[in-house]
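Protein chains in written order, with the working numbering: chain A, 13 to 95; chain B, 13 to 95.
Quick caveat, the hints were computed from the structure, so don't treat them as lab data.
The reader is advised that the hints may include incorrect statements.
All copies of an identical chain are treated as equivalent in the list; a pair is satisfied when it fits inside any one copy or across any two copies.
[To be verified] Straight-line Cα separation of at most 16 Å, EDC-like style, residue types lysine to aspartate or glutamate; simulated pairs:
#, residue 1, residue 2
1, Lys-25, Asp-43
2, Lys-94, Asp-49
3, Lys-33, Glu-73
4, Lys-78, Asp-43
Single-letter residue listing:
Protein chains: 2
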Amino acid sequence: MKFIAEIDIMPHKELLDPQGKAVVNNIGHLDLNRVTDVRIGRHVTMTLEAASEPEARQTVETACQKLLANLIVETFSYELNKG
Amino acid sequence: MKFIAEIDIMPHKELLDPQGKAVVNNIGHLDLNRVTDVRIGRHVTMTLEAASEPEARQTVETACQKLLANLIVETFSYELNKG
Chain A
13 MKFIAEIDIM
23 PHKELLDPQG
33 KAVVNNIGHL
43 DLNRVTDVRI
53 GRHVTMTLEA
63 ASEPEARQTV
73 ETACQKLLAN
83 LIVETFSYEL
93 NKG
Chain B
13 MKFIAEIDIM
23 PHKELLDPQG
33 KAVVNNIGHL
43 DLNRVTDVRI
53 GRHVTMTLEA
63 ASEPEARQTV
73 ETACQKLLAN
83 LIVETFSYEL
93 NKG
């Protein structure tokens with residue numbers, strides 16, 4: 013079966029996110045002063061073949077833990093849909 | 013009212029995504045050969061104050077169009093939730 017995983021990889025809440033802070037500090041130039049916080053991470057769309065949903069989840073989690081996310085400074089979450 | 017927008021900014025489907033291609037080509041080292049496609053973009057969590065939901069949507073769309081996304085090579089989508 014084909015599955016599509018929508019993965020979000022974000023900096024830990026406790027950590028400063030300099031890219032997001034830069035956006036908040038400069039968004040005033042667009043007259044958007046009411047934006048109070050911005051955090052920027054990565055979004056990954058992964059297409060995969062797997063025999064079952066648990067197998068697909070295992071593949072996505074292994075890929076995130078070993079390759080896509082740096083778990084020291086980032087967390088990941090995902091949604092899995094049938095493709 | 014406080015709103016939280018979860019924004020995904022992804023490369024256009026028609027465009028090559030070299031970062032994603034590199035991940036697919038190298039994911040075999042993790043014995044995850046059944047991953048057939050990976051596309052990598054950005055995920056932005058934006059917290060904002062707005063009087064109404066339409067006003068919040070306007071703010072998010074302006075920020076995406078003018079600052080966060082490069083609409084020549086990227087598309088954006090978002091979900092808006094009350095914070």
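Against the structure, the hints:
1. Taking the shortest alpha-carbon separations for Lys-25 and Asp-43, neither the intra-copy value of 27 Å nor the inter-copy value of 31 Å comes in at or below 16 Å.
2. With identical chains, the CA atoms of Lys-94 and Asp-49 are at most 16 Å apart between copies only, with a shortest distance of 14 Å across copies and 33 Å within one.
3. In this assembly of identical chains, the alpha carbons of Lys-33 and Glu-73 never lie at most 16 Å apart, being 29 Å within a copy and 19 Å across copies at closest.
4. Within a single copy, Lys-78 and Asp-43 get their C-alpha atoms only as close as 41 Å, which misses the 16 Å cut-off; across copies the closest is 11 Å, which meets it.
Hint compliance for this structure: hints 1 and 3 are not met, and every other hint is.
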